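*Asks:* Protein chains in written order, with my numbering: chain G, 1 to 419; chain R, 1 to 82.
No lab work stands behind these hints, which were simulated from the structure alone. The model shown is predicted, which means the values in this text are computed figures rather than measured ones. It is possible that part of the hints are untrue.
To be verified - Per label pair, the in silico range of CB-to-CB distance:
1. G:E99 / R:P60: 41 to 51 Å
2. R:S41 / G:E67: 24 to 34 Å
3. R:N66 / G:P131: 14 to 24 Å
4. G:W47 / R:E63: 34 to 44 Å
5. G:R186 / R:Q6: 48 to 58 Å
6. R:E18 / G:H330: 54 to 64 Å
7. R:E7 / G:E44: 35 to 45 Å
8. R:Q28 / G:R132: 19 to 29 Å
9. G:R133 / R:Q6: 19 to 29 Å
10. R:N66 / G:I274: 51 to 61 Å
11. R:D38 / G:T300: 50 to 60 Å
Stated by the list, open to error - In the PhoX-like style, the derived pairs of lysine-lysine whose C-alpha atoms are separated by at most 25 Å in a straight line are:
12. R:K54 / R:K65
13. R:K31 / G:K70
14. G:K70 / R:K54
15. R:K31 / G:K71
Virtual Cβ for every residue (Gly too), placed ideally from N, Cα, C.
Residues per chain are reported as follows:
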Amino acid sequence: MTDTTQTSRRVVVTGLGATTPVGGTAPQTWEAIVAGRSGVRTLEQDWVAEHELPVTFAAPIHTDPLEVLKKVEVRRNDPSGQYALIAAREAWADAGAPEVEPERLGVAIGSGIGGVHTLLSQWDTLKEKGPRRVFPLTVPMLMPNGPAAAVSLDLGARAGAHCPVSACASGAEGMGQALTMIRAGRADVVVAGGTEAAIHPVCIAAFAAMTALSGRNDDPQAASRPYDVDRDGFVMGEGAGVMVLESEEHARARGARIYAYLDGLGMSSDAYHITAGEPEGAGAARAMEEAISDAGLATTDIAHINAHATSTPVGDVAETRAIHRAFGGHTGNIAVTATKSMTGHLLGAAGALEALLTVLALYHRQVPPTLNLDQQDPEIDLDVVTGSARALPEGQLAAVNNAFGFGGVNVALTFTSAS
Amino acid sequence: MALSEQEILAGLAEIVNEETGLEAEEVQMDKSFTEDLDIDSLSMMTIVVNAEDKFGVRIPDDEVKNLTHVKDAVSYIATHQG
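Only chain G is shown next, with the shape it has when bound in the complex (with noise of 0.2 Å):
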């Protein structure tokens, strides 16, 4: 009988893949990153005057999918489809195609939103030419669920192909959701991750309209700003951020390059509140500390900190006090920093490609700095990264990723450098 223990089956990172804001690949991502470049711009598109949107600003996709993808291939998946394939081919490629049995891989992506663009286009064929011109394909290309299908029938993945849907936590259970089949036995590779493509005047209108958006249309590389005094919303993002998971056993087999290992999976729900997270960070630091007691390790040893930090005034604060409450003493001893400035957030996907900034951090030990921290909150005392990267010390390191969602979800992950 298999043994199915985590501390028999640990799981390693093998191969990352990226289509985000600020790059078009995890290492372009991961570059700019470092280097604090913004993605974020305003929109060109017509419709933002059109419906007279009161922000015109995002961080849209750094590399349109047509050059990376065959003309149908964008056809025939949603953008947030798009993405996912993208981030995972690269992600595979990057693993060194593994072999492996069908049955023993699987896929996981989660979506926050699903195919938005693909459900209101056709709405809008519905309306003006009929039933009969809306395109076959609409309702695989809407499902939040699309996108890990898309990906599960390019790698032939057969161990399942699996969604998870949790707002803004959805990548990161991406993640956890891969962990949970890695260690069950249920799989020796998992392509992992989260999408998103929301770009769209409605989603932009809805967020507005509760005003979680920054309004800061006048300076929008300014506008994502977690932790400064002047942070007014976060700035929505797109993209996908994947990355191949695998039993460490698999991966030494095959002489794989290990980047990190996915050490540990925190999970709790707050249950305070449909949007808002609970004040006081009781869930987040309890899915926190799961995270890291899950990985065999102390809250002491935790070198870094992605957080979730989505730059809106109540988020941050909450999530400090969650930081405080994990780590008490230890907190200033943790270099924590907020990439969202840069590349916005991907809601769906933001805690995928968080995750996998995390693992960079611990591959190349170097902590990416925050943009636009020019005052910070003195509610919020942490020891944010601003400026430029800061390197991390030679040795184990742990760190804690972040991804928290409305309807009161926390997720938070624990990584370990591989060396």
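Following the hints, position chain R against chain G.
*Replies:* Just chain R, lined up with the frame of chain G:
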């Protein structure tokens, strides 16, 4: 003025290329949509609708199942074009 069968074939090949990515020259009269060109029923519906727009014909859903080969579609369009 009515289009020739060759002109219809060329137009249909463009539609198939757009929908499936198949090279237009693959789309020849004697090819079966499903067996040779690997076009599934969902793609076929899109091709039919686009052909209706391009050639100004109406292809009833009941008729689509009879269009098994490229030549069937070309011939249907040739005889029903407006």
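*Asks:* Run every hint past the structure and note whether it holds.
*Replies:* Status of the hints after comparison with the structure:
A C-beta distance of roughly 49 Å is found between E99 of chain G and P60 of chain R, which places it inside the suggested range of 41 to 51 Å. Taking the beta carbon of each, S41 of chain R and E67 of chain G are about 31 Å apart, inside 24 to 34 Å as hinted. Judged by the Cβ atoms, the range 14 to 24 Å given for N66 of chain R and P131 of chain G holds: they are separated by roughly 22 Å. The hint said 34 to 44 Å for the Cβ distance between W47 of chain G and E63 of chain R, and at roughly 39 Å that hint holds.
For R186 of chain G and Q6 of chain R, the Cβ-Cβ distance of about 55 Å falls inside the hinted range of 48 to 58 Å, so the restraint holds. The beta-carbon spacing between E18 of chain R and H330 of chain G, approximately 59 Å, falls within the hinted interval of 54 to 64 Å. Remark: the range hint 35 to 45 Å for E7 of chain R to E44 of chain G is upheld by a beta-carbon distance near 39 Å. For Q28 of chain R and R132 of chain G, the hinted distance range of 19 to 29 Å is satisfied, since their beta carbons lie about 28 Å from each other.
Taking 19 to 29 Å as the suggested C-beta distance range, the pair R133 of chain G and Q6 of chain R conforms, at roughly 28 Å. Take N66 of chain R and I274 of chain G: their Cβ atoms lie about 53 Å apart, and the range 51 to 61 Å holds. Taken as a hint, the range 50 to 60 Å holds for the pair D38 of chain R and T300 of chain G, whose Cβ atoms sit roughly 59 Å apart. Distance restraint check for K54 of chain R and K65 of chain R: the Cα-Cα separation of roughly 20 Å lies within the 25 Å cut-off, and the hinted pair is therefore satisfied.
Taken as a hint, the K31 of chain R and K70 of chain G pair is honoured in the structure, with Cα atoms around 24 Å apart against an allowance of 25 Å. About 23 Å separates the Cα atoms of K70 of chain G and K54 of chain R, which keeps this hinted pair within 25 Å; it holds. For a cut-off of 25 Å, the pair hint linking K31 of chain R to K71 of chain G stands: about 23 Å separates their Cα positions.
Comparing the model with each earlier hint shows no violations; every hint is respected.
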